[in-house]
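K.L.:
Residue-level listing of the chains:
2 protein chains.
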Amino acid sequence: MSDGTSHDPVRPWRTLGREQALDCRIFQVERVTRQSPDGQKSGSFYVIGSKDWVNILAVTEDGRLVMIRQYRHGTDDIMLEIPGGILDEGELPTAAAVRELREETGYVGREATVIGRVAANPAILDNYSYTVLITGCRLEAGTSFDEHEEIDVVLRDVEEIDRMLLSGEMVHSFVALAFMWYRYHCQGMLFEGERGRS
Amino acid sequence: MSDGTSHDPVRPWRTLGREQALDCRIFQVERVTRQSPDGQKSGSFYVIGSKDWVNILAVTEDGRLVMIRQYRHGTDDIMLEIPGGILDEGELPTAAAVRELREETGYVGREATVIGRVAANPAILDNYSYTVLITGCRLEAGTSFDEHEEIDVVLRDVEEIDRMLLSGEMVHSFVALAFMWYRYHCQGMLFEGERGRS
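The listed protein sequences derive, respectively, from chains Y and A.
Taken in order, the first sequence gives residues 836 to 1033; the numbers are from my numbering.
Taken in order, the second sequence gives residues 836 to 1033; the numbers are from my numbering.
Isolated chain Y, as found in the complex:
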C-alpha cells in the first residue's frame, strides 16, 4: 500500500529462481519466483520469453507501402499488416528486416534503418520490437514462406496510413506503432533511443 507520492521510489524485485512452464515453440512461458524489494512479499509470476521482433515499413520507389494480408491464429482472423518476424540469434534488426521482407513479399530495398523500438509488452513479455524502414523497394524475388505461412502482398499509398489507422481497417498494434515511427521520421523527428545499435 502507498499513497503514490511520499514513499521511496519503486525498486525492482529480486529473482529467486525460474523454470520453463511451457514450450510454445515461437515463445516460451517461464514461471519466475521473485521477492519484493523490501523482502516482505514473494510470489511466482508467468513471463513470456521471446527473441526480439521486427516490423518492416517497406516503401517502393514510387511511394507505395508494401503490406500483407495473412491469417493470424491469435485473433483467428485475416489481418492487414506489414511484413515482420522474429530476429534470428545474434541477427541485427536491419538484417532481419531485409530477410523477412524478401521471404514474405519478394521485395528488396536499397537502405534499411531502425526508426523505432519498444518493449513488446513489459507486463508479460521480456522482448523488444523494432521498426525498420526500408526504402527504394522493388519486387525482385519469389517468396519463401515459413511452414504454415500464407501471405497476400498488397500495395497501398503511404498517404493512406492515417485513414487505415483511424478507420480501424488496420488494427495490428505493432503495425500501428510502425506507422507512428514512420510519421515521426517523415516529419524529421528522428528516433534517438537506439544510438549505436542497428
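There could be a bad hint or two in this list.
Residues from chain Y that face chain A, not an exhaustive set, calculated with beta carbons under 7 Å [as the list claims (entries may be wrong)]:
id, residue
1, Val845
2, Tyr881
3, Tyr906
4, His908
5, Glu985
6, Val989
7, Ser1002
8, Ala1011
Computed from the model, here is a short list of chain Y residues facing chain A with C-beta under 7 Å [unchecked claim]:
id, residue
9, Ala856
10, Val864
11, Arg904
12, Thr910
13, Ile913
14, Met914
15, Leu915
16, Ala958
17, Ile959
18, Ser1008
19, Leu1012
20, Glu1027
21, Gly1028
To be clear, the hints were calculated from the coordinates, so they are not data collected in a lab.
Beta carbons: idealized from backbone N, C-alpha and C, even for Gly.
Given chain Y, work out where chain A should sit, using these hints.
P.N.:
Frame of chain Y; chain A shown alone:
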C-alpha cells in the same frame, strides 16, 4: 508456396479443437488445433487468451499527463508508463479506465472517451487494447493497488510526449500507442473504428 500475387485470397483456418495448456492467472495459454482452408495441412498452435486491456491517457486541468512508474515482471525493469489494466467481465473500456485510473493513481477525471483500439498482438494474443482519454483530472482519492502492485505517480507535461518517445525514455508499446492516438486526437483526427462502442 505462392508468388504473392496470383493465387486465391488468404482465407481463415478452421478450428478443430482447443484445450487449456497453462493457466497463467492474468492470461491463459491454449493449444488450438486448426486445419488450413484447403484442408491440406493441420497443426496445433499456441494462443494466449486474455480479456481486453485499457490504457489511460489522463490529463489534469492544467495540462499535465498522469504517468506512473512501476516494476514490470516481463522486462524485469522499472518502466515509465501510463495507468492501465484489464477489463472486468462485461465492463466498458471507459468504465475500466475510470476505475484503473482511480485505483492506480487516485486521480478522477470529468470525461472519458475511447480514442483508439488495436488488436494486442494478432499472432499470439486473442484480445484488443483500448486507449481511453480522461480529461479534467484531479487528485481526489487514495490509491488501492492490486496485490503485488507498487506504483509511483509522476506528472509530466503533455508537450513532453514526443521527446519521451523519440529519446527512448518511454519504451512501453501500448503507452506509445496511447500517445499516438492522443496526438491524432489533438489534431482533430478522430478514431472512427469503434463507432457505437465506448
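K.L.:
Confirm or reject each hint.
P.N.:
Results for each hint:
no.	hint	verdict
1	Val845	5 Å, holds
2	Tyr881	4 Å, holds
3	Tyr906	5 Å, holds
4	His908	4 Å, holds
5	Glu985	6 Å, holds
6	Val989	10 Å, violated
7	Ser1002	6 Å, holds
8	Ala1011	5 Å, holds
9	Ala856	6 Å, holds
10	Val864	6 Å, holds
11	Arg904	5 Å, holds
12	Thr910	4 Å, holds
13	Ile913	6 Å, holds
14	Met914	5 Å, holds
15	Leu915	10 Å, violated
16	Ala958	5 Å, holds
17	Ile959	5 Å, holds
18	Ser1008	4 Å, holds
19	Leu1012	6 Å, holds
20	Glu1027	6 Å, holds
21	Gly1028	2 Å, holds
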